[in-house]
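Anchor point for the sequence shown: position 647 equals 755 in the working numbering, and the numbering is continuous, going up by one each time.
Hint data in this document are derived by calculation from the structure and do not stem from the laboratory.
Where is the CB? At the ideal position from N, CA and C, for every residue including glycine.
Don't take every hint at face value.
Stated by the list, open to error - Calculated pairs, EDC-like style, for lysine to aspartate or glutamate (alpha carbon to alpha carbon, straight line, at most 16 Å):
| id | residue 1 | residue 2 |
| --- | --- | --- |
| 1 | 642 | 673 |
| 2 | 491 | 479 |
| 3 | 307 | 254 |
| 4 | 625 | 673 |
| 5 | 642 | 697 |
Unchecked claim - Beta-carbon label-pair distances, calculated as ranges:
| id | residue 1 | residue 2 | range |
| --- | --- | --- | --- |
| 6 | 734 | 707 | 18 to 24 Å |
| 7 | 405 | 261 | 47 to 53 Å |
| 8 | 329 | 307 | 28 to 34 Å |
| 9 | 395 | 462 | 21 to 27 Å |
| 10 | 133 | 500 | 55 to 61 Å |
| 11 | 283 | 658 | 42 to 48 Å |
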Amino acid sequence: MTLNDLMPRLRDLNRAGLAAPLLLLTILAMMVVPLAPAVLDLMFTMNITLSIAILLAVIYVLRPLDFSAFPTILLFATLLRLALNVASTRVVLLHGHQGTDAAGRVIEAFGEFVIGGNYAVGLVVFIILTIVNFMVVTKGAERVSEVSARFVLDALPGRQMAIDADLNAGILTRDEARARREEVRAEADFYGSMDGASKFVRGDAIAGILILVINIVGGLLIGTLQHDMAFADALRTYTLLTIGDGLVAQVPALLLSTSVAVLVTRMSRQADMSRQVVTQLFSQPRVLVVTAGVLGLVGLIPGMPNFAFLLLALVSATAAWWVARRARRAAEQPAQPASPAPAPAELSWDDVPGEDVLGLEVGFRLIPMVDARQGGELMARIKGVRKKLTQELGFLVPPVHIRDNLQLQPTAYRLLVHGVPVAEGQVYPDRELALNPGRVFGSVEGIATKDPAFGLDAVWIDKGAREHAQAMGYTVVDCATVIATHLAHVIKMHAHELLGHDEAQALLNQLAKQAPKLVEDLVPKLLPLSVFVKVLQNLLAERVPIRNLRVIAETLAECAGRSQDPVVLSGFVRVALGRQIVQEINGMEPELPVITLSGALEQVLQDSLKSGGAVIEPGLAERIHRSLAEQTRRQEAQGQPAVLLVAPALRPLLARFVRQTIPGLHVLAYDEVPDGKRLRMVGAVA
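Given these sequences and hints, build the entire structure.
Here it is, written out as structure tokens:
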């Protein structure tokens with residue numbers, strides 16, 4: 109098989125994701141399967157080539173982060189070198205008695221080149237190389253990696269907050285901020301990996317020393333005891349093979365250690381290292397002039413190698429003259445006329461920021477909850493809430509735009525409608541919320557609080573106490589559920605603010621597929637779109653879903669000739685939706701418990717309406733409110749709905765009166781109750 113046939117197959121393996129596993133299995137197999145000397149020569153040469161390529165890649169890479177695969181490559185290179193050491197040790201100990209070429213020509217050549225006929229010199233040279241690699245390069249690179257990783261990880265929260273601040277200030281766009289966050293996270297991962305990868309190089313240097321001792325001692329014992337070699341011959345043969353084997357491993361190890369040191373000592377800015385060194389070291393003529401003067405003085409001292417020192421002094425002086433001349437010419441060149449600064453772009457309507465319909469702002473400790481890549485579940489929960497409420501309310505709930513806000517507490521969040529905060533809360537990501545449903549059999553340890561959505565008593569407990577709290581009768585939910593439930597409650601309370609003209613027109617377009625004639629006659633022939641929107645908003649404000657849009661449209665078409673007042677039309681629609689409204693309140697129960705107004709009070713309120721007033725006298729309003737609130741609490745304590753039944757003319761007034769202060773009270777008109785539903789009076793407001 110030729111090289112041209114091999115390369116396409118290697119590319120196919122790489123695309124299939126099999127190259128790395130096959131390489132790792134091959135390296136592990138080399139530690140077990142005996143290798144022929146020719147194969148060892150090829151593998152040792154390839155190991156040296158790989159080390160040189162890695163060193164050059166480190167030198168010419170623009171930023172350390174651009175070589176993010178370096179820790180993994182370093183691991184594979186270290187494993188390859190150790191596997192070759194094991195394979196060569198096997199060959200040396202098994203066949204070393206056959207001669208110095210028993211382990212291949214590469215090991216023999218390295219051994220003879222360094223030893224030069226003197227075993228002691230060869231051993232000393234090898235030890236010096238090992239000490240340089242282990243004590244200087246490897247130890248320094250390991251320390252720099254450790255410090256760099258520590259500084260990068262310590263600065264990570266501050267850098268992320270700075271990015272958030274730039275984003276909030278408008279300096280960065282969302283895409284730029286996302287790219288910056290990815291770069292910061294990648295840099296932290298890279299330096300953390302480099303801190304661990306430097307341990308591979310350190311361990312490899314220690315393994316080289318141990319393998320040297322084992323090979324020499326084991327070779328002498330095997331050669332003299334098993335193969336009856338003379339001690340001098342065994343010492344010469346096995347020392348040459350051992351030192352050659354060690355050098356073949358130490359040279360690539362020294363290259364990789366240098367690569368690690370070069371990479372971790374570089375700055376993070378984007379620049380070529382060789383250009384940086386030349387520019388920063390030899391860009392000042394003063395440095396070269398002083399260097400030339402010192403070398404010239406030393407070269408004039410009798411007994412010194414005058415020629416070498418004076419030659420280098422001349423080279424330094426010439427370089428200083430050339431750098432100074434180049435700088436002078438650059439200063440004498442006429443300055444290019446500065447191009448006029450571009451005129452600031454004229455403001456347009458695109459510069460006017462728009463507010464999101466629904467928004468969620470979170471503190472920086474809650475960011476992982478909204479990041480699916482970090483296991484955050486909040487986005488999925490919010491999507492589920494939107495889907496459920498869309499089906500329940502009858503219109504498409506708009507998307508929730510999530511952003512971080514450094515002005516909030518780290519564990520706080522805030523809900524916004526049309527850019528205005530309407531609710532806020534605080535959660536603890538490392539805890540869960542135990543809700544008191546009203547009947548529990550004990551207490552649990554934790555941080556006492558209130559449920560942000562409904563105000564129930566609750567406790568933030570440790571995650572390990574979940575089963576204990578459930579056994580005590582508590583309902584335990586996680587932080588994502590707390591925020592999603594609060595969001596659902598806010599959407600229900602402000603549903604009428606989320607429905608606008610575009611949403612209403614979309615509803616009409618959907619209805620036109622089923623009843624085209626009805627929609628064609630209704631808007632805009634009988635009713636303006638604005639009146640139709642206001643009717644839907646009135647229904648949503650009173651917690652009436654608009655799912656049954658066909659009934660709503662038919663009722664408006666029938667009553668549009670009688671009135672164009674949205675309040676009056678809303679009353680007609682409520683009568684048509686009476687069965688649905690009561691079903692939402694009381695389900696399939698045959699009886700509906702109701703609270704009524706006394707005859708005198710009802711007459712006073714109706715007289716107020718007839719006189720043109722739509723407000724209630726403050727003293728009377730306070731007494732009515734107190735009585736309604738008390739009876740509502742009593743009904744809720746009994747597990748029954750609280751319903752105030754009044755005359756149709758009074759219903760809009762009293763519905764607005766109790767909408768915000770007594771949210772659990774439903775206000776119905778007499779004609780909204782279906783004929784088949786029996787009424788049971790449970791209280792009266794006198």
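Results of checking the hints against the structure:
{"no.": "1", "hint": "642 x 673", "in the structure": "10 Å, holds"}
{"no.": "2", "hint": "491 x 479", "in the structure": "14 Å, holds"}
{"no.": "3", "hint": "307 x 254", "in the structure": "10 Å, holds"}
{"no.": "4", "hint": "625 x 673", "in the structure": "23 Å, violated"}
{"no.": "5", "hint": "642 x 697", "in the structure": "32 Å, violated"}
{"no.": "6", "hint": "734 x 707: 18 to 24 Å", "in the structure": "20 Å, holds"}
{"no.": "7", "hint": "405 x 261: 47 to 53 Å", "in the structure": "49 Å, holds"}
{"no.": "8", "hint": "329 x 307: 28 to 34 Å", "in the structure": "33 Å, holds"}
{"no.": "9", "hint": "395 x 462: 21 to 27 Å", "in the structure": "58 Å, violated"}
{"no.": "10", "hint": "133 x 500: 55 to 61 Å", "in the structure": "57 Å, holds"}
{"no.": "11", "hint": "283 x 658: 42 to 48 Å", "in the structure": "44 Å, holds"}
Violated hints, in rising order: 4, 5 and 9; the structure is consistent with all others.
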